[in-house]
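Residues 2 to 196 in the working numbering are what the sequence shown spells out, letter by letter.
To be clear, the hints were calculated from the coordinates, so they are not data collected in a lab.
Nothing here was measured: the structure is a model prediction, and the numbers come from that model.
You may find that some hints are simply not true.
[Claimed, not checked] Below, computed lysine-lysine pairings styled on BS3-like, alpha-carbon distance capped at 27 Å:
(1) K89 / K66
(2) K66 / K189
(3) K159 / K145
(4) K41 / K66
(5) K62 / K41
(6) K145 / K62
(7) K145 / K132
(8) K66 / K159
(9) K84 / K132
(10) K62 / K3
[Said to hold, decoys possible] Pairwise CB distance ranges, derived in the manner of DEER restraints:
(11) K132 / G108: 27 to 35 Å
(12) E135 / E85: 16 to 24 Å
(13) E133 / S65: 46 to 54 Å
(14) R128 / G77: 20 to 28 Å
(15) P162 / E81: 19 to 27 Å
(16) Q186 / A148: 14 to 22 Å
(17) S144 / L179: 13 to 21 Å
From the three backbone atoms N, C-alpha and C, an ideal C-beta is built for every residue, glycine too.
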Amino acid sequence: MKALVYIPVFHTVEEMGPLDDYAGEGLEQYKEGKDWWVEKIAHLWVLIENGIRDLGLFDPKMASKLYVFLDTIRYGTDPEKLKEFLEKSSKENSPMASIALELQSQGATLSGAEDWDIMQSISDVVRRCIKEEEELDIDFITSKTEARNLAIIENIDKIVPDGCMALLLLGMEHNGILEIEGLHQRFKVVTPIGE
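Sequences and hints are given; from them, build the entire structure.
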């Protein structure tokens with residue numbers, strides 16, 4: 002049987018890429034302010050890294066059987082381009098990239114998790130809503146998020162051999178991924194940070 006370690010993540014403002022300005026503005030609207038949120042997100046990443054370490058996944062014996070799937074990165078991305086992107090992101094304060102690269106240095110295989118067509122369709126709607134060009138269609142977002150979750154699990158199932166483990170670092174909005182029909186029959190699911 003395969004194992005799936007699911008860790009819900011919250012991206013840093015730097016990781017938001019083209020949405021960086023909008024993410025920062027969005028955090029400013031909360032009474033706590035952007036600095037408070039940035040600090041909380043940094044603390045969350047310390048918990049995530051510690052959770053991965055507590056599972057022993059940085060150990061080369063464990064890492065050699067580990068496949069790491071990363072949120073917002075296209076499934077099937079060329080490994081060299083992925084490494085180059087992660088190295089750049091790590092220098093720009095991406096904890097997800099830094100953790101992934103350290104796991105890779107211990108023997109883990111890295112992969113993007115996303116079906117790009119589905120991801121882009123969601124991203125396009127969200128961007129238009131942020132710019133107030135259209136109203137948010139919750140039913141559309143919900144159905145696309147469910148399709149996105151299913152595609153992620155299917156991609157993981159294709160790549161990860163029996164007896165090996167997948168580490169899925171995926172945005173917190175994907176908690177429904179744990180409810181995909183048949184998931185627990187295909188994978189021993191571990192949630193070290195919570196669901």
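These are the hints, each one checked on the structure:
1. This hinted pair checks out: K89 and K66 have alpha carbons roughly 25 Å apart, not beyond 27 Å.
2. Note on K66 and K189: the hinted pairing holds, with a Cα-Cα distance of about 15 Å set against a maximum of 27 Å.
3. Note on K159 and K145: the hinted pairing holds, with a Cα-Cα distance of about 21 Å set against a maximum of 27 Å.
4. Our distance criterion of 27 Å between C-alpha atoms is broken by K41 and K66, whose separation comes to about 32 Å.
5. Proximity of K62 to K41 is assessed by CA-CA distance (about 32 Å); at most 27 Å being required, the pair is judged violated.
6. This hinted pair does not check out: K145 and K62 have alpha carbons roughly 37 Å apart, beyond 27 Å.
7. Between K145 and K132, the direct Cα distance comes to roughly 20 Å. Compliance with the 27 Å bound is thereby established for this hinted pair.
8. Distance restraint check for K66 and K159: the Cα-Cα separation of roughly 15 Å lies within the 27 Å cut-off, and the hinted pair is therefore satisfied.
9. For the given pair, K84 sits about 32 Å from K132 by alpha-carbon distance, which is inconsistent with the 27 Å threshold.
10. Note on K62 and K3: the hinted pairing holds, with a Cα-Cα distance of about 16 Å set against a maximum of 27 Å.
11. A C-beta distance of roughly 43 Å is found between K132 and G108, which places it outside the suggested range of 27 to 35 Å.
12. Taking the beta carbon of each, E135 and E85 are about 35 Å apart, not inside 16 to 24 Å as hinted.
13. For the pair E133 and S65, the supplied restraint of 46 to 54 Å holds, since their beta-carbon distance comes to about 49 Å.
14. Distance hint for R128 and G77: a CB-CB separation of about 24 Å, consistent with the stated range 20 to 28 Å.
15. Roughly 22 Å separates the CB atoms of P162 and E81, a value that falls within the hinted 19 to 27 Å.
16. Judged by the Cβ atoms, the range 14 to 22 Å given for Q186 and A148 holds: they are separated by roughly 20 Å.
17. Between S144 and L179 the C-beta distance comes to about 18 Å, which sits within the given range of 13 to 21 Å.
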